[in-house]
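A.B. asks: Produce the entire structure from the sequences given, and follow the hints as far as they go.
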Amino acid sequence: MPQQSAAASGPKRFGADAVLGAELAPVVSGARRRALRDGDRQVDTAHLLHSLLECDPEVRAVFGGGPQLDRLLGYLVQRSIGYGLRWQSAAEDFGAGPVTAGGGWSPVAAGAMEEAYERAVRRGDERARGLDLLVALVADPRSRAVEVLGRAGVELPRLPVRAGGECEECVGRGDAG
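Per my numbering, the very first residue in the sequence shown carries number 30; after that it's consecutive.
Just so you know, these hints were derived from the structure itself, not from any lab.
A quick note: this is a predicted structure, and the numbers were derived from the prediction, not measured.
All residues carry an ideal CB built from backbone N, CA and C; glycine is no exception.
Be careful, since some hints might not be right.
Said to hold, decoys possible - What follows is a list of derived Cβ distance ranges for each label pair:
{"id": "1", "residue 1": "Glu87", "residue 2": "Ser58", "range": "26 to 36 Å"}
{"id": "2", "residue 1": "Asp154", "residue 2": "Ser58", "range": "14 to 24 Å"}
{"id": "3", "residue 1": "Gly68", "residue 2": "Gly103", "range": "18 to 28 Å"}
C.D. replies: Here's what the structure looks like:
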């Protein structure tokens, strides 16, 4: 049963449709379209964040609506119409080595989707939800999603808590003092 052993082995188990399910299918599809339209080599965490905000009302609610959400969406739109040009020449990998996820995903984005799935499993669910993915996207402080959120003025240390998730690395940043 080669499929079972491949499906159970670390990052190679990754498959957006398999681990994220129908609820996040529009997010994955939107992120792929956005990367293609932007001329990016890979789908990165900022593409996922943008699609997640467009598709998931629970995720939008984490940002409280109003000016903060408007600022964030405005920044993401600016990125998609030209600001992101500086990112086209480099992959979002931070020296992580070869991409094992396949499908044109940056290693950081693939890792975030895998982490979202693992969060769902720890919760006893078979599929990740938008809030799982949001918390996973902000777990790596070097990700493009974190950069975008920071530039839009989002208070990152409290974001995972507002999303109902635990991310010790995120919560610990900037909360002391």
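A.B. asks: State for each hint whether it applies.
C.D. replies: Here is what the structure says about each hint:
For the pair glutamate 87 and serine 58, the supplied restraint of 26 to 36 Å is violated, since their beta-carbon distance comes to about 18 Å. Aspartate 154 and serine 58 have their C-beta atoms about 21 Å apart, which keeps the hinted 14 to 24 Å range intact. Checked against the hint of 18 to 28 Å, the C-beta distance between glycine 68 and glycine 103 comes to roughly 21 Å, which is consistent with it.
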